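Chemist: Here's the letter readout for the chains.
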Amino acid sequence: MPLLILLIPSLLFLVAVFALPLFRYTWLSFHADSVMTGLVAIPNQGANWQRFIHDTRYLQDLFQTLRFSVVSVTAEIVLGLVIALILHQPMRKRALIRSSALIPWALPTTVMALGWRWIFNTPYGPIDRLTQSWLGQSLNALGEPSIAWITTVYADIWKTTPFVALILLAGLQTIPSDLYEAAKLEGAGSWICLRRITIPLLLPYLGLALMFRLAQAFGVFDLVQVMTGGGPASSTESIALYAYWNALRFLDFGYSATIMIGSFVILSSLILITWLVVTTARNRSQQSLAR
Amino acid sequence: MKATRFLILALLVWSLAPLTWQLYTSFCTDQALVTPFASLNQRWTLDHYQSVLNSNPPFIRYLLNSLFVGGLSTFLTLLLAIPSSYSLSKMGRRSSLVIKFFLIGCALFPYVLLFLALLEIARYLQLGNSLIALAVPYAALSQPLAILLLTNAFSDLPAELEDAARVEGLSVVQRFRWILLPLISPAIASTAILVFLFSWNEYPIALTWISDSGKLTLPVAMARIAGSSIHSVPYGPYAAATVIGSIPLILLVMVFQKPIVSGLTTGAVKG
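Chains as they are written, first to last, in our numbering: chain A, 180 to 470; chain B, 18 to 288.
Since the hints were made in silico from the structure, they are not lab data.
Straight line, CA to CA, 30 angstroms or less: simulated DSSO-like cross-link-like pairs of lysine-lysine: (1) A/Lys272 x A/Lys363; (2) B/Lys19 x A/Lys363; (3) B/Lys19 x B/Lys275; (4) B/Lys275 x B/Lys107; (5) B/Lys275 x A/Lys272; (6) B/Lys275 x B/Lys117; (7) B/Lys19 x A/Lys272; (8) B/Lys107 x B/Lys117.
Where chain A lies over chain B, by a calculated footprint (3+ residues, C-beta under 8 angstroms): (9) 34–40; (10) 160–172.
Values in this document were obtained by computation on a predicted structure and should not be read as measured data. Using N, Cα and C, we set each Cβ at its ideal position, and we do this for glycine too.
Just chain B, with the same shape it has in the complex (with noise of 0.2 angstroms):
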């Protein structure tokens, strides 16, 4: 019992150190980031707080712009992978199989390497520079997993439920929206949870598409105070930016710690 709890205290430092290293640092004076041992009159301070948020743009663009965007794309998202997993649950053994067979290849394929077609067909449609165009490619990446987690669920409803709605007398759409929507619903959260978190750090896309500095998202907005120079990267005023900016994930990974490993989970199981 002693070693399970010296075990997971192990694990939290190990998870955690680092975040708590980037919070400490927010609040040191520049000074006391590079003499920390000696005595200085002045060790705490807000200053980086106050530059990131009333820089410009200020910090909060930059969550707005990541908040947009993940809520279009995961709306996108389950708007196409709900009718698809629908159709794909009531398929024949052999044709699911092979559409599935298909969406995992998808789900395997390092996504990085589409970014220059990607980029070219934002140039050519003149999609660049524009977040609701972000949300497209986000939601075509996320339709692998996507569709492989709601035909799991979709498949898991007994079959005579809907047969009985049908005798009923209902439509496809009433069907859909009073009693197959409402049972997958635990199933469709995992999904829109697990697509927001890769909408909302996707970089390599949003690296090549955005360049207007009002219309950043987060993690591109992050690279870029240290794209600006190798040496010396203005650390305490990005200490505070990472704290500012993680908040609103540790909140989300507290809040929905369930349907993030449950949607991870039954993937994992039925994959």
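Isolated chain A, as found in the complex (with noise of 0.2 angstroms):
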């Protein structure tokens, strides 16, 4: 029993930063909370809810933060594997690069996000020089609403690579290397080893890389708010920044909490059912290695 008392202040903070919010927010989505009333709670009998579903611009937001989370971290995934492939070989100095492989995920989003915003500047920054001497066309990578979103994909997959990267090399670590050499032994070529040990075996890291690097990008803030304000013309807007702009910037504190709590239900059973594709998957691959 003394055991349990331990972790109580922990489960109430937990609870306090967590659970709270959640409640706080479902009694605030059904009530009128914004400077037209004066900042003070009315009950509005489910009208923010009804704006939810019609809101256009949440819509196109949830489908930019959806496709911001599938390609970044689809291409972190498959940029990560190759990284750790690289930092699993045997080589000198390999504190000394995995250091520096690591820099990008340790710096603050918000101070490489600025510094983005220079290097894609149009069109002074180096990549808009580079495409108008080359293409003879600036490529106005920040400007361009259907390049734009690309360029924060870009600048997320530089930042969190690293992280997926470490964790495929714990995964790395962990397969024995006698498992290669009988596979050599029977012929096999590194692209078969590749494809029949390696990535079966380091599934269950993937599936972890993949649960993490979803919950983050679907939370994507940081990045888009410094990097791109949301534009242009709202194309990199996510619906953590939108919700941020209801609250802060049109003091709409119920149609925020509406949002906030709208988006915990989506976002948390994508997780969820991605979980469980995760898991069956590894399950299955587990009994095929079994046989």
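Two independent chains are provided; combine them into the complex using the hints.
Modeler: Dropping the structure here:
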């Protein structure tokens, strides 16, 4: 019993920070609480939810957030696997190389978000200069709605791939090397080794990286807020940013809370589905390995 | 072998090129930035660094603020997480699994969505603009990761060790102080660094809680430079600020590469 007492402070903190807000949002989502009501909560019979269901801007932001998450997480997993395979090789100055590869992940997102704004600046940034001199036209990487979201994806990949690579590297280190030797003796090339040994045995780690990265990407905020401010033409606006605008720019706390709780339901069901898919894929591959 | 070397080189360029560009920008005069190929009588300058260091409040202030919040929240996190993870490691399999699932759920929660409620709490308790108060949500948000990492460390210790100490008549506090804590110190170090990095880099909560310009943390101060105007960001001073703001973290990663990697990877292996 005294064991439980030790856990209580942490659990209280967790409940205060994670559970209380959700109750508060649920309650607020049934109230009008904005400048119009003098920032006093007045029940409004689900008007927030009516608005939420028909909010095309939210729908667009949800689409953008999902597009951003899926593309960047997929790229991060592929690239992270490549980097993990590189870092797994025996090499000199391994510690130094690993630290250098980690640096993008350790820097504050906002620091490099502005750095990217300079690098992708039109017309003075280096990328725009390159496209001007090679293609003869400006790329306008942050001003063109159809390109800007890819630019933010690129910045996200740069920052979080090291995290994915490290998790996958941990996985690579658990694979016994005699598996590869046995496969080589039977004449398997490195491609077959990768497909038949590395990837199946790495699946739990791939699943883990996928889950954590998806959850983080769904909440993308810092990067977009600083790099593009949601623009151009709201093309890079994420749902977290939209909720933020609603609360602190439009001062509509009731609707912002509705967005939060609505997004929470949508995103956690997506994460749950991913988790189910990942675990079934893992179990199936374990069965086929056992055979 | 040659291919590996080429790939390593590519990896280094990929990770470090953007920072190198910021370093280059920070030493260029404004004119050199706009017309890179023209011959200029003055190409290099330290002006940007001077303007950043002499601004009001001076840039060092933000670094100190971040350092303070990072240190305090790391301390708070460990204070809460070490006893919790000890008790979690001693618990029955089923109940500890339930709590672990709850913790993983919290860790997967997109915490940005919490900022509005946290802001309300801060307003209600009049905690806005307090760096000490800011450490509280950071410590709470760090609990899942810290508890999971430390529970693994405690579970890895052989149970006989503590039993022997108990037979010798050591109290719980003595066992903690002289036997358990020294043995899990590597895990504590990794956890501490990961929590510190999180608090140092955290943005949305700091953005909404702190408005007093003398109390901004580094990420918010950086973003404010951009927030002034979408079109005329002072890129030279900004690049200088990036460089100064990155140095502590680059040193941190270089020095603590081992505990960072082991923290992230043991989390992955056991989680």
